[in-house]
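2 protein chains.
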Amino acid sequence: MSHSRIVVVQSSPRNDTLSVTRQVVQKLLEKLAKLSPNDKHILNRECAELPYVDKEFTEKITNPCKHNPNGDKVASKAWTLSWECCEELIQSDIIVIGVPIYNFSIPACLKSWIDLCTVIKRTYSFDESGPLGLLQGKSAFLVVASGGMEIGCAYDFGTRYLRHILTLWGIAHITVIDVSQGQVERALQQIEKITSLVPPTAPMVKAHLPTYNHKPAMIHNSEPNPLNKDGLPSTEPTDMLAVPEE
Amino acid sequence: MSHSRIVVVQSSPRNDTLSVTRQVVQKLLEKLAKLSPNDKHILNRECAELPYVDKEFTEKITNPCKHNPNGDKVASKAWTLSWECCEELIQSDIIVIGVPIYNFSIPACLKSWIDLCTVIKRTYSFDESGPLGLLQGKSAFLVVASGGMEIGCAYDFGTRYLRHILTLWGIAHITVIDVSQGQVERALQQIEKITSLVPPTAPMVKAHLPTYNHKPAMIHNSEPNPLNKDGLPSTEPTDMLAVPEE
Numbered sequence: 001m002s003h004s005r006i007v008v009v010q011s012s013p014r015n016d017t018l019s020v021t022r023q024v025v026q027k028l029l030e031k032l033a034k035l036s037p038n039d040k041h042i043l044n045r046e047c048a049e050l051p052y053v054d055k056e057f058t059e060k061i062t063n064p065c066k067h068n069p070n071g072d073k074v075a076s077k078a079w080t081l082s083w084e085c086c087e088e089l090i091q092s093d094i095i096v097i098g099v100p101i102y103n104f105s106i107p108a109c110l111k112s113w114i115d116l117c118t119v120i121k122r123t124y125s126f127d128e129s130g131p132l133g134l135l136q137g138k139s140a141f142l143v144v145a146s147g148g149m150e151i152g153c154a155y156d157f158g159t160r161y162l163r164h165i166l167t168l169w170g171i172a173h174i175t176v177i178d179v180s181q182g183q184v185e186r187a188l189q190q191i192e193k194i195t196s197l198v199p200p201t202a203p204m205v206k207a208h209l210p211t212y213n214h215k216p217a218m219i220h221n222s223e224p225n226p227l228n229k230d231g232l233p234s235t236e237p238t239d240m241l242a243v244p245e246e
Numbered sequence: 247m248s249h250s251r252i253v254v255v256q257s258s259p260r261n262d263t264l265s266v267t268r269q270v271v272q273k274l275l276e277k278l279a280k281l282s283p284n285d286k287h288i289l290n291r292e293c294a295e296l297p298y299v300d301k302e303f304t305e306k307i308t309n310p311c312k313h314n315p316n317g318d319k320v321a322s323k324a325w326t327l328s329w330e331c332c333e334e335l336i337q338s339d340i341i342v343i344g345v346p347i348y349n350f351s352i353p354a355c356l357k358s359w360i361d362l363c364t365v366i367k368r369t370y371s372f373d374e375s376g377p378l379g380l381l382q383g384k385s386a387f388l389v390v391a392s393g394g395m396e397i398g399c400a401y402d403f404g405t406r407y408l409r410h411i412l413t414l415w416g417i418a419h420i421t422v423i424d425v426s427q428g429q430v431e432r433a434l435q436q437i438e439k440i441t442s443l444v445p446p447t448a449p450m451v452k453a454h455l456p457t458y459n460h461k462p463a464m465i466h467n468s469e470p471n472p473l474n475k476d477g478l479p480s481t482e483p484t485d486m487l488a489v490p491e492e
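Chain order of the listed sequences is Z and U.
No gaps in the numbering here: position 202 of the first sequence is 202 in the working numbering, and each next residue is one more.
Just add 246 to wherever you are in the second sequence, counting from 1, and you've got the working numbering.
FYI, nobody ran anything at the bench for these hints, they're computed from the structure.
Computed from a predicted model, the values in this text were never measured in an experiment.
There's no promise every hint is true.
Said to hold, decoys possible - Residues from chain U that face chain Z, not an exhaustive set, calculated with beta carbons under 10 Å:
1) 280
2) 283
3) 299
4) 303
5) 346
By construction, the Cβ of each residue, glycine as well, lies at the ideal position given by its N, Cα and C atoms.
For reference, chain Z alone in the conformation it holds in the complex (with noise of 0.2 Å):
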């Protein structure tokens, strides 16, 4: 088994020490670590270290064949992350992310990190029946905590979400490894029977995506077209996102 890239993505702002998903995606490692003792390639990835989505990437994101930095000498500390941040999932086996539930959602540099991630033909794409992801074949496993809600309750605006951008990239096999209400006893008893990293075929994921719009651009975002000086709707397409070159 080739196993042996593992992701490791913190948005917690406490240290090892205080916190509670960095201890227990700790004890997860160690528990990977057993079942694939081959040589591994962990590659750590601080969430609260990503600035947010910026004026710059939010232009440059409408044409992500050029999502490339290396040509790119004025590109912004997003956009350039963003280039690194997929670079990191494309070519990981296993995704590891540890969650603090704030508010009943992800923490916001978890939200950052999933916008500079989210890049036509890098994590996802499109054909003609709707988004395909590209990240086939990964696991991922996510430790998510939580002082006083259930995760997966109706009101688990993380988990569900987490899942929903995960499936959009296309990666099937996701554990998630629950310290809600804190019971961390629970979820090393979680980890320890964890037997394999992935199931053996792993089947291709589509993401289920109401069939709004079959147009790329529609997907990652959002802003339509401005106003014109008018105050009326322009008729620029000015969407920010995605349509690809062919």
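Given the coordinates of chain Z, work out where chain U should sit on it, guided by the hints.
Positioned in the frame of chain Z, the structure of chain U alone reads:
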């Protein structure tokens, strides 16, 4: 009527010329001015200038009764801005939020604003039956723009989440200005039809949350007890939020 204080919360990284949410928000403000021609005080809050919740915030929020940076010479930017953002909400009658949908949810910077504003005894509290919002009697207008996603669809993780948080804060009157699928003109027509800033009698609102745990510490966060040096859950309470003093 004294509905004269408006806080305008912007989360698009684009400027006035390119951002649809900013332009539609402007049209909305003009309409609100017509409905209430008395003196108005408009506060502007740019979410892109807000930091992520930081380590200091996660520590200080456990004692939000000290949520005033004036007596705190070493307050972090997040802690100081949390105070300011809460003050803006408390002092306003109307909250207008510009929301470009990115990847089926709100921008990361708007989540930062929510995390900085969800502070016990400032925007919400608890009584014997659960959480109780403290921003009673205010009204909110959400200008939600999306290139493709239909507002309110099963994959709209943004609007539904915002409604949930505003309800938690006690805001009963929420109007969504729908700029989904590029339908700017429809949004402008919707704005034209607005006839009042807020219904004359605002009912008390309670968030309908599961009664999983009445301890105030449970709402905001998040990470439960860390593991001790033996890798077992610590018995020391470290929930980061919000135990009231009484």
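Taking the hints in turn, this is what the structure says about them:
1. Contact between residue 280 of chain U and chain Z, as hinted, is not supported at the beta carbon level, the nearest pair being about 15 Å apart and thus beyond 10 Å.
2. Hint status for residue 283 of chain U: violated, given a least beta-carbon distance of 20 Å to chain Z, over 10 Å.
3. Interface restraint check for residue 299 of chain U: the shortest CB-CB distance to chain Z comes to about 6 Å, inside 10 Å, so the restraint holds.
4. Taking 10 Å as the C-beta contact cut-off toward chain Z, the hint placing residue 303 of chain U at the interface holds, the least distance being around 7 Å.
5. Contact between residue 346 of chain U and chain Z, as hinted, is supported at the beta carbon level, the nearest pair being about 4 Å apart and thus within 10 Å.
Hint compliance for this structure: hints 1, 2 are broken, all remaining hints hold.
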